[in-house]
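For the sequence shown, the working numbering assigns the number 5 to the initial residue and increments by one for each residue that follows.
Calculated from the structure, these hints are not laboratory results.
Note that the Cβ used here is the ideal one computed from N, Cα and C, for glycine as well.
You may find that some hints are simply not true.
As a list, the in silico SDA-like pairs of lysine to any residue whose alpha-carbon atoms are at most 20 Å apart [claimed, not checked]:
no.: 1; residue 1: K231; residue 2: A172
no.: 2; residue 1: K231; residue 2: G16
no.: 3; residue 1: K6; residue 2: P125
no.: 4; residue 1: K77; residue 2: V103
no.: 5; residue 1: K12; residue 2: K217
no.: 6; residue 1: K6; residue 2: S151
no.: 7; residue 1: K217; residue 2: S15
no.: 8; residue 1: K231; residue 2: V103
Here are the computed distance ranges between Cβ atoms for each label pair [stated by the list, open to error]:
no.: 9; residue 1: S140; residue 2: P199; range: 31 to 39 Å
no.: 10; residue 1: A124; residue 2: E169; range: 45 to 53 Å
no.: 11; residue 1: Q213; residue 2: A256; range: 35 to 43 Å
no.: 12; residue 1: R214; residue 2: L37; range: 32 to 40 Å
no.: 13; residue 1: G28; residue 2: Q213; range: 20 to 28 Å
no.: 14; residue 1: S140; residue 2: D174; range: 17 to 25 Å
no.: 15; residue 1: E169; residue 2: G191; range: 17 to 25 Å
no.: 16; residue 1: D136; residue 2: E200; range: 38 to 46 Å
no.: 17; residue 1: V230; residue 2: S140; range: 43 to 51 Å
no.: 18; residue 1: I253; residue 2: D11; range: 43 to 51 Å
no.: 19; residue 1: D11; residue 2: S102; range: 26 to 34 Å
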Amino acid sequence: MKNRFLDKFRSGEPSVGTFFEMGGPAVGEMIALTDLDYFVIDGEHGPYDVLQAADIIRAAEGAGTAAPFVRVKDSQRNSILRMLDVGAKGLIIPQVQSVDEVRRIVEYGKYYPVGSRGFAPTRNSLYGCSDDAKGSVQEYFDRCNASQLLIPQCETMGCLAAIEEIAAVDGVDGIFVGPYDLSVAMGAPAQFDRPEFAAALTRVLEAVQRAGKFCIIYADTEDAAVKRFSEGFDSVALSMDCILYQRAINGAVAAIKGAL
């Protein structure tokens, strides 16, 4: 199972993604053809259900190399299982509160022996016909466990307080930091320069690195992304499609008008 994001992490290279908030399969094809390493179909704030996500994932896999991730709406079993079954290469799980919740996420999202994810010949294995599905069932389980990533999102005080334990849970592949909601939870919305916020990021990074896993963070701008990489993050999710479209269009219009 190919996963461009995972290949980058394993080779020690930085990776860049973005959030997918608008558009359908055609936009998924286009984004997969860019130099992005992954994109995140947003099932939390975005309008996507499992059928829409499946079509976007299918289009992306057929066109390009950017890995399709999904941010699920919550940590319930159906939310996790169904997005994995339609082929998401990574799941970001929002608003995680505790170690027990993370252990349940692993139980739902990883096959035996790591978890108890239910098995069926779904789209993820091309209905049992893909090369990945050939061989024993356990071999297929192992491939899925290695390449379909579970990524709790650290954006609550509960998650921050238990981040050392959460990052160390077997079956957690990495951590995604949601800086906006985390700053809100800390009582200082979007005040990213506060020492307390910087200390929180350092704590998360150190916990994840000790566990030998990857750490992703959201960034609004290219400059912010470079700063986060310099701090030690493995990956940055840069903005989101709707904002990037606006910037590109407005930049092109400004360049034309400025030359007249």
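Hints, one by one, checked against the model:
no. : hint                     : verdict
1   : K231 to A172             : 26 Å, violated
2   : K231 to G16              : 18 Å, holds
3   : K6 to P125               : 19 Å, holds
4   : K77 to V103              : 19 Å, holds
5   : K12 to K217              : 13 Å, holds
6   : K6 to S151               : 7 Å, holds
7   : K217 to S15              : 13 Å, holds
8   : K231 to V103             : 29 Å, violated
9   : S140 to P199: 31 to 39 Å : 53 Å, violated
10  : A124 to E169: 45 to 53 Å : 32 Å, violated
11  : Q213 to A256: 35 to 43 Å : 40 Å, holds
12  : R214 to L37: 32 to 40 Å  : 37 Å, holds
13  : G28 to Q213: 20 to 28 Å  : 38 Å, violated
14  : S140 to D174: 17 to 25 Å : 22 Å, holds
15  : E169 to G191: 17 to 25 Å : 24 Å, holds
16  : D136 to E200: 38 to 46 Å : 45 Å, holds
17  : V230 to S140: 43 to 51 Å : 45 Å, holds
18  : I253 to D11: 43 to 51 Å  : 32 Å, violated
19  : D11 to S102: 26 to 34 Å  : 32 Å, holds
Of the hints listed earlier, those the structure fails to meet are numbers 1, 8, 9, 10, 13 and 18, in rising order.
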